[in-house]
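Novice: Here is what each chain is made of, one letter per residue.
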Amino acid sequence: MEKRVTFKGLWLPLLLVLPQIVITAVFFFYPAGQAIWQSLFIPDPFGLSMQYVGLGNFEYLLGNSYYRASFVTTAVFSILVTVVSMGIALYLAVLADRLIKGSGVYRTLLIWPYAVAPAVAGVLWLFMFNTRVGVVTWYLGVLGYDWNHVLNGGEAMGLVVVASAWGRISYNFLFFLAGLQSIPKSVIEAAAIDGAHFWTRFRTIVFPLLSPTTFFLLVVNIVYAFFETFGVIHTITSGGPQQSTTILVYKVFSDGFVGQDLGSSAAQSVILLVIVGLLTIVQFKYIERRVHY
Amino acid sequence: MADRTGMVEKRGAGLWLTHLGLIIGLLFIFFPIWLAFVASTVSQPEIVQPPMPLLPGDQFFENYRKALVSGINAPVAWMMLNSLFMALGIAIGKIIISLLSAFAIVYFRFPGRKTFFWLIFLTLMLPVEVRIVPTYEVVANFGMLNSYSGLIFPLIASATATFLFRQFFMTVPDELAEAARVDGARPMRFFWDILLPMSRTNIAALFVILFIYGWNQYLWPLLITTDPSMNTIVMGIKQMFPSGDDIADWPVIMATSILAMIPPVIVVVGMQRLFIRGLVDSEK
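Going down the list, the sequences are from chains A and B.
Under the numbering used here, the first residue of the first sequence carries the number 1, and numbering increases by one thereafter.
Under the numbering used here, the first residue of the second sequence carries the number 1, and numbering increases by one thereafter.
By construction, these hints were calculated from the structure, which means they are not laboratory data.
One should not assume that every hint holds.
Claimed, not checked - Calculated pairs, DMTMM-like style, for lysine to aspartate or glutamate (alpha carbon to alpha carbon, straight line, at most 25 Å):
#1 K3(A) x D174(B)
#2 K101(A) x E189(A)
#3 K66(B) x D249(B)
#4 K3(A) x D249(B)
#5 K8(A) x D193(B)
#6 K114(B) x D281(B)
#7 K66(B) x E175(B)
#8 K3(A) x D183(B)
#9 K3(A) x E178(B)
#10 K8(A) x D183(B)
#11 K8(A) x E178(B)
#12 K285(A) x D193(B)
#13 K8(A) x E175(B)
#14 K114(B) x E178(B)
#15 K3(A) x E137(B)
#16 K114(B) x D183(B)
#17 K285(A) x D97(A)
#18 K66(B) x D193(B)
#19 K114(B) x E137(B)
#20 K185(A) x D44(A)
#21 K114(B) x D97(A)
#22 K8(A) x D174(B)
#23 K3(A) x D246(B)
If you're wondering where the values come from, they're calculated on a predicted model, not measured in any experiment.
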């Protein structure tokens, strides 16, 4: 796509792009380049010099059981967050779509969690499940269940998944509702006339027609679970207990800033970079197809 | 909307079941927020003796006054101001640099234009979380730790908005630029008088999304604001928890959590139409 009509000038356009070029060069391309460069070195214990190790950091990481465990944790976490959040959102969107009146009111209320920062969502859920003062913990205790996410890795994972999925419901709900409302009513009514009941209609017509939205949301939610849930994990579990909730982004942070292992942290950044790159390519390939409507 | 009243919408019992299902969803969404609000209106002893009450108490003014004026490490009013500066800086800064560069790549032919376009395309792929360590070093070398510029610049170094404005400018009819050129209008005049007014809605929608993005940042302010007076409210909450075995001051912490969500909730709910438009636009 090109404009037919353009203005003449050489210095003006260069001046116009200059602020963005300077800011992206300094705060984006240079640090990204540094991450790739640093991933090839290990600093000596005094931080005075760097020793070139080639792909040594990567070999070490891939052979390291903690890092491989973090991969598995990230996969489990992202899949659970995506499925839980999209499931609840689809359920609510299907219901809201059935309403003739009042769906606007529900929409206004259901978009609230979007405004709540992941770190704040983490604090809210931590408060409910706090081992000492949490209301839910207390009532679970009454029912005879001893909740303790500080010691129990499975419970810790469950808590960060629910808190992360909770914050994402609004987003998925809005996209699902828009997707549902774009399905022509005539198609659904035709099926209803043929005697198809709600569940049959949903399975054979609505869900297939919704698949572009679903696929798009799958990719976007996985990216969300990979990166934007840092605040949830940091506030609720700090990656514990025994690293059972240490997702890859959390590990970049804890190895780089807490552990000061710069080479390894940089190599982890590069691995993440490759993963995001792949996800973005998938997304763009798909969006390219979608815009030919 | 008459065209949506068909035979498949529910009436009678089915309608009530639909409402019931949605209300259960709303309970799941609002229960955590409600509990936080209740906790922000009761006294500490009522919370540390579980179970805490489920209805608001009478300590509302006391807790919020304490949070806003003194806080725990820094007054929360001050942290909210920091968050406001950061969110506005990110939203306004990113919109300005993106408008200018999108204008340049759409309406001019200059050497390096293609390269520039691909470079900004690349930035779409890398969230700040991935390059935190080297970005931190850059910001530290510039002496920008504990400063607003340090909070803002690294987060506007991406081209999502440029991309968006480029897409929009491509849909602006060529006749407008043609007419401006025939009238002898200079490029910047066309930009100010025609392009900018036409982009108003896009700018507003993007502003809503970027404001929330900026306000809700966590990891970046956590790294570069070591001085409590520069903390933003979202990252400051976690700093209010005591280290070790001391009991957290829950009423003040929960009052702070409520305060942290009020501005973005007002923006999202108050500008719902723009927010939804911005959300859909920025994902295209």
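Novice: If you test the structure against every hint from before, which numbers come out violated?
Specialist: 4, 7, 12, 15, 16, 17, 18, 19, 20, 21, 23
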